[in-house]
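K.L.:
Go ahead and model the full structure; you've got the sequences and the hints to work with.
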Amino acid sequence: MASASGKRPSREAPQRSGQSSGSSGEQRKQPAARKPPSERFGELLILRTSKDDGRALIIYSHEEREEPEEREEPEEREESEERERT
Amino acid sequence: MSELRFDELRGEQVVYAIHRQDRTFLPSREHCPLDPTRPGGPPTEIPLPAFQIAVFDNRFPAFEAPRGAAEVVVYTDRHDGSFATLSAERAEALMWVWRHRYLELGARPDVDYVMIFENRGVEVGVTLHHPHGQIYGYPFLPPVAERELAADERLAGCAPCELLRRELADGRRVIHANDSVVAYVPQAGRWAYEAQVVLREHRASLLDCEPLELRELSGALQALVRGYDALFERPFPYVMVVHQAPTTGGPDPDTSRGHLHVEFYPPLRTADKLKYLAGSEQGAGTFISDTLPEESAAALREAIARAA
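Just so you know, the protein sequences line up as chains A and B, in that order.
For reference, each letter of the first sequence is one residue, going 53 to 138 in my numbering.
For reference, each letter of the second sequence is one residue, going 60 to 367 in my numbering.
These aren't lab readings, by the way, just hints derived from the structure by calculation.
Please note that a few of the clues may not be correct.
Below, simulated SDA-like cross-link-like pairs (lysine to any residue); rule was C-alpha separation at most 25 angstroms, straight line [unchecked claim]:
| no. | chain 1 | residue 1 | chain 2 | residue 2 |
| --- | --- | --- | --- | --- |
| 1 | A | Lys-103 | B | Asn-117 |
| 2 | A | Lys-103 | B | Thr-96 |
| 3 | A | Lys-103 | B | Phe-110 |
Covered, in the sense of this in silico footprint (three residues per stretch, anywhere, with C-beta under 8 angstroms from a C-beta of chain A), are these stretches of chain B [claimed, not checked]:
| no. | stretch |
| --- | --- |
| 4 | 89-98 |
| 5 | 153-162 |
Please read these numbers as outputs of a predicted model, since none were measured by experiment.
Don't be surprised by glycine CBs; every beta carbon is placed ideally from N, CA and C.
P.N.:
Quick look at the structure:
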């Protein structure tokens, strides 16, 4: 079904804080009245803001398991090779 | 604001974004605009001391409302590393971010095609080393997307579904697979180490994927890029592009048109030699390759296994 603009309707609208979507992974409630308002989308917490010049900025957060974010060996290798190239 | 001009001879749009001539070009590490803004440090694009994934409107956009969109997706607040070195959880979260951006940009009336991509390495024109990708919301259907739809017509069905069936039946060019996703060097790949990562089930876009499929897609993408880095034991440059269904409006949008897959176009043909787009490629539109996909696939399979 098309929307009024002729575009495809949103099949998975972002959930405002405190709402649940009815699908797994999107049901965790956020504290009501907490500011700034956040949204949930699947496994993400979304915070919308804007930059000084008005451009949109969206911060996505995701609960991550405790493990090193980066694999050390490739990072070190890349860093050293970047230095060599520059 | 960019200007679109139509090249009648080639039958395609050309975008003039002359303001991009002044975009930030390989800044020093201390002045990376994609780093977080640290107390006492210079302001960056992200006015926070820490973040996980950030998306913002490109300061030097090729497209902008009301005629399209251009966004930057920053994978991490850590300056070093790459998509390959992200944690599995961060890479999976990135799939959800891509899905969200496809949903929001695709719903806009001025966006007919959402293209998520990453340019990695100075060899493909990277101007910032901080791990990041980009998203263009095209205000028209670009030629590659048009050709993919034409392939559906030619094969009388979903072309990626049919091509995946052929690759699995042949098997020689398959380089990685899990329950949801298969990666292979395409039978008629143009770049020496070109690869495609394709959903086994017909999924028009990220919106149609189950959570497990997103997880396994991110796992396959990381396996591939780690294999790329292992192939010549050096950071491997590539262009990575997510192909999904067009978001063109209309009275009856056909979301079955399109099959989610990710294509990689790496410019290296050996450890230290680049493939250039020269006479035949530019003048005739015909790629001439120095390598056979079957041989590239064998090398990539081994590299992916070594990097696992």
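K.L.:
Work down the list of hints and note, for each, if the structure agrees.
P.N.:
Against the structure, the hints come out as follows:
no.	hint	in the structure
1	A:Lys-103 to B:Asn-117	11 angstroms, holds
2	A:Lys-103 to B:Thr-96	13 angstroms, holds
3	A:Lys-103 to B:Phe-110	15 angstroms, holds
4	89-98	violated (count 0)
5	153-162	holds (count 5)
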